[in-house]
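As they're listed, the protein sequences go chains X and A.
Quick note, the first sequence lines up with residues 1 to 245 if you use my numbering.
Quick note, the second sequence lines up with residues 1 to 429 if you use my numbering.
Derived from the structure by calculation, the hints contain no laboratory data.
In this text the structure is predicted, and so the values were computed from the model without any measurement.
Yeah, the Cβ is synthetic: ideal placement off N, Cα and C, and Gly gets one too.
Honestly, I wouldn't trust all of these hints.
What follows is a set of in silico ranges between Cβ atoms, one per label pair, in the way DEER data are often shown [unchecked claim]: (1) X:Asp-129 to A:Thr-368: 40 to 48 angstroms; (2) A:Asn-7 to X:Ser-244: 57 to 65 angstroms; (3) X:Lys-77 to A:Asn-7: 53 to 61 angstroms; (4) X:Gly-98 to A:Lys-332: 24 to 32 angstroms; (5) X:Asp-129 to A:Asn-7: 43 to 51 angstroms; (6) X:Pro-3 to A:Asp-5: 31 to 39 angstroms.
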Amino acid sequence: MKPKIGVFGFTSCSGCQLQIVNLEDEILDLLGAVDIVYFKMAISEHTDDYSIAFVEGAITRESEIDDLKWIRERANKVVALGACACIGGIPYIKNFIGVDRARKAVYGEDAKYFDSIPTKPIDQVIKVDGYIRGCPINKNEFLRVTKSLLLGIKPPIQNYPVCVECKLNENVCVFDEGMTCLGPVTRAGCNSACPNVGNQCYGCRGLLDDANTTSEKDILAKHGLTVNDVLSKFRMYDGYAEVSK
Amino acid sequence: MSSVDVNVEHVARVEGHGNIIVNVKDGKIEELRLEIVESPRFFEAMVVGRRFDEAPHITSRICGICSVGHTLTSIKAVEAAMGIKPSKQTIKLRRLLTYGATMQSHILHEYFLAAPDFLGVGSVVPLAASHPDVVKRALWLKKLANDMCDLIGGRTVHPISAVINGFTRIPTVDELEGLKKKLIGSIPDLEATVELYKTLSIPDFNRETEYLALKSDVEYAFYDGDQIASSDGGLTPVVKYREKVCEKVAPHSTAKHCNSLRESLMVGALARVNINYKQLSPMAKKVAEELGLTVPCFNPYMNNVAQIVEAVHCAEESIDLIEEIISDGLKKEDRNFKVRGGKGIAACEVPRGTLYHEYEIDDKGIITGANLIIPTNQNVKNIEMDMMELVPTIIDRSKEQITLALEMLVRAYDPCISCSTHLLNVELR
């Protein structure tokens, strides 16, 4: 019998779920290897009988906590899909504003209708067995991790910075191009996607286990960023790392 | 049946989380709502206090499917605030990127999300077994559109290389030639798509509403267009969008509701075809005729057909545009500009309709205010009003048939719910 998988979305842009749909060359083979039994964005039929759950999105509402726990109770393995689920990602920015202020700013006097709690990555609510990082996830990494899960082996974990991949790709250093970059402190695995096309690393895969953020902040300041700029940069994706230290 | 109670929790095959609630007793509609239950997202608050150049990166994350549209509209608004005038090359590459993104989104919607209803299957999975050729064609076309976005934007979901005042990477002539060849090769597949849609029966339901779309002298407006045209007459400059599109909070929906001259309005492919039909490419006009889309068309289910027409338009226009870009000559450009404060308003036609971004930026380049109006927000009220008029005409059908008709109506609008909730709840049980 083929393993059954479910794909779920919490607070997010659905871009990581879309990346699964974007596996145009491989999706028919994937459907040959697994049964997708829950994937509301793409498929109407659904059951709650799945062994692997891929969860996209951060948790930003009380009701999502119960739903996530419900998924955890049914799945043998839960894999966090993308920056929002793995590290809080962009939705975590809200926590630095404050829920009430953000709610009032957008919905004004009607703010009371809209339930929202401080953003949490999913492993702050349930046990998570695997992480597919990035904003959005890399399609090939999704395939690698899924294959590893099916084979029962541990997928490779990159605990080296994006700079390593960037050098292998022979890119000119982003700093030398007059921009600033979070590559030195960010976990690799994206094959330095953004510097490859001339942009900077925004840190979407999260910080390395032993990232020297103090030294990175010094470098950013030397390249003309203000304290506010440096904080903003780290708080684009890595806000949770800052408060969980 | 004169009484029916429809409660679709979490409509499938739409992006995000929405519920349909319809309750009819003795022929009278007692309750009818399209609930948007996606969690509030707060993007307008999250960009405040940040540097101007972070806005396109952050607002792209409003929606994976519409990320090209958000990135480009955000860039245009920041450029408007700072008085930056991007080069002709940049504008042409942005137009090409928009064609790729529109084609990708429309193909995804027409084949994967809408077509299963017409072919009587629940999703693309059984479709892969019953109609393997259809699914393989769909995957090929979608890949082509995604490749186009990868080439121009650096990545299809959350583009990387489109930035303020240009691109961080310019495609090479060889790459563009290769893309052009693939686009020419896609024409038989697009024709087969048209043949498929000819065999599908689109429900006959008409309700006239106000249609809004951008208007441009340069193109059938997608990237360009600084006037908002209404089917009820009149043009409004984009900078005065607040006068035209009025946003209101509805308690059952984290997506705000919008209206203009009438109680509701419609944006998206059908609205654009209704307003800008004359500017469609020759092949797209022929496809509209073959699929029975004559303007003005008041049948919201025909939005599916309008998307096919636009996919063909995007492919044909892209071929011409690539030739133009190659003959102009590609060069690496200076992207430097002077940071200054100001207020910037911009709009683009994205797959689901007109998208507005507005920012206020201080002299140091820090964002002090933002307002974003999303296509799906503009359509939510119109979907409810369609349902209001549709339900009495189908009340004699079985509950399953009524539910399917309503779900198909919602899906015809191709709603993007992550986008529309300004800022998620999952009904799992």
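Verification of the hints:
| no. | hint | result |
| --- | --- | --- |
| 1 | X:Asp-129 to A:Thr-368: 40 to 48 angstroms | holds (43 angstroms) |
| 2 | A:Asn-7 to X:Ser-244: 57 to 65 angstroms | violated (40 angstroms) |
| 3 | X:Lys-77 to A:Asn-7: 53 to 61 angstroms | violated (32 angstroms) |
| 4 | X:Gly-98 to A:Lys-332: 24 to 32 angstroms | violated (43 angstroms) |
| 5 | X:Asp-129 to A:Asn-7: 43 to 51 angstroms | violated (34 angstroms) |
| 6 | X:Pro-3 to A:Asp-5: 31 to 39 angstroms | holds (37 angstroms) |
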